[in-house]
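So the protein sequences, as listed, match chains A and B. Be aware that the first sequence starts at 25, since it is given in the working numbering, and climbs by one per residue. Be aware that the second sequence starts at 25, since it is given in the working numbering, and climbs by one per residue.
Where hints are given, some of them may not hold.
It does not matter which identical chain is used: a pair holds within one copy or between any two.
Calculated lysine to any residue pairs in the SDA-like style (CA-CA distance at most 25 Å, straight line) [what the hints assert, rightly or not]:
(1) LYS168 x GLN127
(2) LYS168 x GLU50
(3) LYS168 x GLY151
(4) LYS160 x PRO171
In short, the hints are calculated from the structure, not lab data.
Each chain, written out:
Number of protein chains: 2
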Amino acid sequence: MGELSLYLIRHGIAIEREIFAGPDSERHLTSQGEKKTLQMAERLVDLGMSWDLILSSSFLRAIQTSEILVNAGLADEIQLHEALAPGGRFGDWLQWLDQWRLQERLGLGLVGHEPDLSQWAELLMWGSYQGVLELKKAGVIGLKLPPHDPVGQSTLFWLTPPRLL
Amino acid sequence: MGELSLYLIRHGIAIEREIFAGPDSERHLTSQGEKKTLQMAERLVDLGMSWDLILSSSFLRAIQTSEILVNAGLADEIQLHEALAPGGRFGDWLQWLDQWRLQERLGLGLVGHEPDLSQWAELLMWGSYQGVLELKKAGVIGLKLPPHDPVGQSTLFWLTPPRLL
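Please construct the entire structure, taking both the sequences and the accompanying hints into account.
What follows is the structure, given as structure tokens:
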């Protein structure tokens, strides 16, 4: 099992909670959110990225973001995992990751929510969480994970808001 | 005194220690190093950046990098500070910063060396250092510093190698 490049991507701009009548899990991307997410996705493809899988929150705004990433050519497959929903369990995802990495894997994209994603990134780097990473909507965090026991052992090689991409 | 955007920039690719006859402080950028640094600088300008000052290590490869940044239009002025030389003192720079920020300042670029720059970034974010940030040559770290006492209180909004810029 080699090093893994992990990309944490926050969903694009969605219709605001205050003006959407349905449940939070069904808030959808705005047209501006779709556009900016597509620009981000195309830029990642231009930069040569290609992942084995996108693991996504099942919330609609995350699924829509994942679909834009797949349609742009970043990955062929989307899987949903409840650990990526807001407030999901980091430990559950770690268990999933251990299994998934039994086969040789080079790149994984996670699509989810804040503050969870930047919290996970901090846990992977430092083993603790202080809330010092700023992950904008449609922003990206890139981490390198060692073959085993990534918590507190991973390194950050990329963090970018879409406007600086 | 408002929030400050701080950009930490590692010098570009320099002639290797093993094949350069002079002292480390006089190692110069290679032609590839100049080219990649210029591309990085032009991209930062395209992204709308403009800083009040570039504070640089006095080592030649850092000065050359700073000059490329100034010539591209990122700042008008370069100052040298010994805290930015390899192994320089973070505390000395913090003292300088407190003074410099007495006037309203919005953006500061630091040009220096590794592992110092990524160590400083970690100290500003977490107040301690574990070596988990990867700063490539001609790479950039962007931090937001609060008005006072930035150590352990700053947030990371950007970290990028030149190839993902």
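Comparing the hints with the structure gives:
With identical chains, the CA atoms of LYS168 and GLN127 are at most 25 Å apart within one copy only, with a shortest distance of 17 Å there and 40 Å across copies. In the homo-oligomer, the alpha carbons of LYS168 and GLU50 never lie at most 25 Å apart, since the shortest distance is 32 Å inside one protomer and 33 Å across protomers. Taking identical chains as interchangeable, the C-alpha atoms of LYS168 and GLY151 lie at most 25 Å apart whether they share a chain (15 Å) or sit on different chains (22 Å). Proximity of LYS160 and PRO171 under a CA criterion of 25 Å is satisfied inter-copy only: 22 Å between copies versus 28 Å inside one chain copy.
Of the numbered hints given earlier, the model fails hint 2 alone.
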